[in-house]
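Using the sequences and the hints, build the whole thing.
Going down the list, the sequences are from chains C and H.
For the first sequence, our numbering begins at 2 and goes up steadily by one.
For the second sequence, our numbering begins at 2 and goes up steadily by one.
Rather than coming from a laboratory, the hints here were simulated on the basis of the structure.
It is possible that part of the hints are untrue.
One copy or two, it doesn't matter: identical chains are merged, so the pair holds either way.
To be verified - Restricting the straight-line Cα-Cα distance to at most 30 Å, the calculated cross-link-like pairs of lysine-lysine (DSSO-like) are: (1) K130 / K53; (2) K156 / K63; (3) K168 / K21; (4) K186 / K20; (5) K46 / K30; (6) K35 / K18; (7) K156 / K107; (8) K53 / K63; (9) K30 / K186; (10) K156 / K46; (11) K35 / K185; (12) K190 / K33; (13) K190 / K30; (14) K130 / K29; (15) K29 / K53.
Number of protein chains: 2
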Amino acid sequence: MDLLLNNIEQRVSLTTKDKKTISEKFRKKSFKRKEVIVEAGEISKHMYFVTKGCLRAFYTDKNGFEHVVNFAVEDWWIGDFGFHDQSAATLTIETLENSEVLYIDKNGMDSLYEEVSVLDRYFRIILQKALEAQFQRIMQINSFSAEERYVAFSKKYPQFDKRIPQKYLASYLGITPEFLSRLKKDLLKH
Amino acid sequence: MDLLLNNIEQRVSLTTKDKKTISEKFRKKSFKRKEVIVEAGEISKHMYFVTKGCLRAFYTDKNGFEHVVNFAVEDWWIGDFGFHDQSAATLTIETLENSEVLYIDKNGMDSLYEEVSVLDRYFRIILQKALEAQFQRIMQINSFSAEERYVAFSKKYPQFDKRIPQKYLASYLGITPEFLSRLKKDLLKH
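Structure (structure tokens):
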């Protein structure tokens, strides 16, 4: 829980009472590697804050190909947008390592926004960053070479590069795993 | 200004004092058709709320192709993400019709968040919707046929379909203008 409270306090100030309220609303859960915690098509019941491990969020296109849109490690949020109106998830979220999360349901989140109003600001800032990151990812796929994209990613998210299976990183970058592997070898030579 | 205040009041409650504060922070500006109001590479100084007209936001890829990522008409926000940390814009924003906007700079926005704290909630909700819309757009490009995408768009945004030049709508949908034109003719036959 300290990890979550620290994360929030990096953006907004919390009183002791706020911290207590937040701590009471979240539940803790552990997952083994390769467990699906949100399934596309099912109601998106929870938002997750990762305290240990690594997860990916992806969708499957009309040809059956998976497209990774997000990773999350410790100190990151992950969830599907259906959460906000309790509709069906469009993303599937799966653990890539044994993982631990704090999670909250929609009622919990709604009452949290009422009781700890600085959380509106906290999530406003988190969402600004998430939206910018998504824009950058999409623009880079069209504007940067695969090599430039990989270098930008490993610079921005050094914590991901070593942990994430290469096929998922390739999917996130919009390239084939073979191409990513060749690219990393070429970069090592320089 | 009423349009903006009404838009905000659809999501959060404002006091008379809040409304006065908000009204004082925004400036009004008119643009002719085809004016660039934010230029990629320049500091992204303002956020815009459209009160009249129609605009598009796009970026130019490494091959010189423009990709439209957003439209805005009356009652919509538009801006570049560089606004939040006053960095260079990645998007270019251009009017498609003679347009009127309310705009605010970073200092104005920061003081507005301090003085009218429900705006954190308001923008948190706006950002949730914007992030979801971007995800849906990207997923639809990979998962839906061009026809399905066009039908989904014209259903979701009936106010855009007639107003937006077809080449920009095609770019937003990720197809060629010729293909969009053929597709609309085919749909009319059914």
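Hints, one by one, checked against the model:
1. K130 / K53: both (22 Å within a copy, 28 Å between copies)
2. K156 / K63: Intra 32 Å, inter 21 Å, cutoff 30 Å: inter-copy only.
3. K168 / K21: Neither, since 41 Å and 54 Å both go past 30 Å.
4. K186 / K20: neither (47 Å within a copy, 59 Å between copies)
5. K46 / K30: within (14 Å within a copy, 43 Å between copies)
6. K35 / K18: neither (37 Å within a copy, 53 Å between copies)
7. K156 / K107: between (35 Å within a copy, 28 Å between copies)
8. K53 / K63: neither (33 Å within a copy, 38 Å between copies)
9. K30 / K186: neither (38 Å within a copy, 53 Å between copies)
10. K156 / K46: For K156 and K46, the Cα distance is within 30 Å only across copies (27 Å; inside one copy 33 Å).
11. K35 / K185: Intra 26 Å, inter 44 Å, cutoff 30 Å: intra-copy only.
12. K190 / K33: neither (37 Å within a copy, 53 Å between copies)
13. K190 / K30: So K190 and K30 fail the 30 Å test inside a copy (43 Å) and across (54 Å) alike.
14. K130 / K29: both (25 Å within a copy, 28 Å between copies)
15. K29 / K53: within (11 Å within a copy, 49 Å between copies)
In this structure, the earlier hints numbered 3, 4, 6, 8, 9, 12, 13 are contradicted, and the remaining ones agree with it.
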